[in-house]
Amino acid sequence: MNEQNDLMILDAVERYIRGEMLPDERLHFENLRKSNSEVDQLVVEHTLFLQQMNRYAERQDFRHTLQDVHNGLSEQGTIDIEPAQRGRVVQLWQKYKKVIAIAATIAGVTAIGLSMLVNTVAPATKDPKVIELANKVNEIEIKTDNLDKKIQHVDNKTNTTHNTDINMAVNVYGTGFLIDPKGMMITNAHVVKNSRNIYVENNRGERFRAIVLKLDVSRDMAIIKIDDDRFKPFSALPYGIRKTTSELAEPIFTLGFPREEIVYGEGYLSAKTGFNGDTLSCQISVAANPGNSGGPIFNRNGEVIGILSTKETKTEGAVFAVQSKYIFQALEELKGNPLYKHVQLSTRSSISGMDKVQQVKKVQDYVFMVKGD
Amino acid sequence: MKEAINEKELLKGLARNDKNAVETIYREHYKIIQTLIINNNGLADDARDIFQEAMIVLYEKARSGDFELNCQIRTYLYSVSRRLWLKRLQQLNRYSSDLVSTDNVVAVEDDLEEHNRRDAEFDMMNKAMGNLGEPCKSLLEAFYLKKKNMQEIATDFGYTNSENAKTQKYKCLVRLKKLFFSHYKK
Chain A
1 MNEQNDLMIL DAVERYIRGE MLPDERLHFE NLRKSNSEVD QLVVEHTLFL QQMNRYAERQ
61 DFRHTLQDVH NGLSEQGTID IEPAQRGRVV QLWQKYKKVI AIAATIAGVT AIGLSMLVNT
121 VAPATKDPKV IELANKVNEI EIKTDNLDKK IQHVDNKTNT THNTDINMAV NVYGTGFLID
181 PKGMMITNAH VVKNSRNIYV ENNRGERFRA IVLKLDVSRD MAIIKIDDDR FKPFSALPYG
241 IRKTTSELAE PIFTLGFPRE EIVYGEGYLS AKTGFNGDTL SCQISVAANP GNSGGPIFNR
301 NGEVIGILST KETKTEGAVF AVQSKYIFQA LEELKGNPLY KHVQLSTRSS ISGMDKVQQV
361 KKVQDYVFMV KGD
Chain B
374 MKEAINEKEL LKGLARNDKN AVETIYREHY KIIQTLIINN NGLADDARDI FQEAMIVLYE
434 KARSGDFELN CQIRTYLYSV SRRLWLKRLQ QLNRYSSDLV STDNVVAVED DLEEHNRRDA
494 EFDMMNKAMG NLGEPCKSLL EAFYLKKKNM QEIATDFGYT NSENAKTQKY KCLVRLKKLF
554 FSHYKK
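Same order as they appear, the protein sequences are chains A and B.
In terms of my numbering, the first sequence has 26 at position 26, counting the first letter as 1, and numbering is strictly consecutive.
In terms of my numbering, the second sequence has 525 at position 152, counting the first letter as 1, and numbering is strictly consecutive.
A few of these clues could be false.
[Claimed, not checked] Below, computed lysine to aspartate or glutamate pairings styled on DMTMM-like, alpha-carbon distance capped at 20 Å: (1) B/K539 x A/E20; (2) A/K356 x A/E266; (3) B/K544 x B/E525; (4) B/K519 x A/E266; (5) A/K34 x A/D11; (6) B/K521 x A/E14.
Think of the hints as simulated: they come from the structure by calculation, not from any bench.
Just chain A, same shape as in the assembly (with noise of 0.2 Å):
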């Protein structure tokens, strides 16, 4: 099932569904729901969805009647609080109004000659060092200003980002995944290489901004980070990833996101090495889609061994993969800069000893669509 199909099989639900179809199209949309249980639980949780979709929409509407309603009669008088309910302040401030008038007339007068009386008595001479403490109070005042202008950049800076996110055109996809439970992930290089902005999706439809921290386009491979205030680090990764090479005819299996929705997909180890012995890579038969570069490989202990990147347009079934001691070493090279000093890989995998569908279940939050434009 490719994208395309899966649209217009929604399409289709979505009109069978608001009832929208012709005779002839619905009688054969009811048999194909008959037979494929697919269709019809897409029928069922999508009849659930647009239920509570209308429910929305209706609460909305009726919000927005009383907002107008209760506004057309403000405005008339007609609900108004009455005098005699008002605050107790309120009341007492109208019967005290002139006293308290009378009053504040009395402590202003008094106030004036006050300051007129000390003006008078105080000496005429104006003290340097008053002088001074006035202009360090100037020279900190342009200093704040500075400051301030500083701030608003970065802030003005930020908001651009936040802006291109939500406007942003999507071109490029691919997956990624997870390699510390703070947000430090590996994709494909060709990902992101081109992107101003990249952000990275989880299926649960979340989406996080995301920076680039390495790049490596000979080996088709970057390092990028979360880089969002709305994503929640994890304690820690369920996979482990392996330091060492695989064993041939290993079985093995990939998440990724050739569609919108996460895909699962088996096969097993075919060749220790990638393309012209190339010893980094090694060569996996599974079935791969576009969107799928970037995307973990396991093997079953829920290790990762490598990262789908190219697939050999000549022979079918053919992908090569980055293996995963790669992601050490490069990982080694971005430890110059301090920030990224004490991340640590781990090679220990939690869900070794499960069985492929509670390993998959496991791991899927942490494989992400990533996208850039």
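We have chain A already, so just place chain B on it with the hints.
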């Protein structure tokens, strides 16, 4: 008797989100709720919030097919508002003794339970919509809330044709469903 028929018509209008019906009910019953709230530690804004929430409870009850109100609209709105305000006061750690007195009230606990459930669902959808970002949010609102067709949406959003708009809508919809169901199924 005449009044009973009248109220039935009003509720039918309310269920249709008919502005006249809403205004009639508002005009007749707002002040009594406002007095209740203000006499019990509340402000005019609180009164508006509570009354409008009570109206939503009544609206939802009126929309459910098997609805029958076995008391006057006034009594119902009063009972619901009173419960809502008591709850709000508890949340604010404030307390008002007057509210405990046995006024003319009916049992509304079941309705409020249903209301709370729907409230939570509304919040989930609202949150999912909020997390969607633009242009997805506006696009889906145009289709599902404002009931525009794909041709209009294509024009409004500057897509070259309705097929492109459809593809974009599909992508946004898949994401909204994910965002919504990730909370709904919990």
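Tested hints:
In summary, the hint linking B/K539 to A/E20 is supported, as the alpha carbons are separated by about 16 Å, within the 20 Å threshold. With a CA separation close to 10 Å, the supplied pair A/K356 and A/E266 stays within the 20 Å bound. This hinted pair checks out: B/K544 and B/E525 have alpha carbons roughly 18 Å apart, not beyond 20 Å. A C-alpha spacing of about 44 Å is found between B/K519 and A/E266, which places the hinted pair above 20 Å, so the restraint is violated.
For the hint pairing A/K34 with A/D11, the CA-to-CA distance comes to about 18 Å; that is within 20 Å, so the pair holds. A threshold of 20 Å between alpha carbons decides the hint, and for B/K521 with A/E14 the separation of about 15 Å falls inside it, so the pair holds.
When held up to the earlier numbered hints, the structure conflicts with hint 4 and nothing else.
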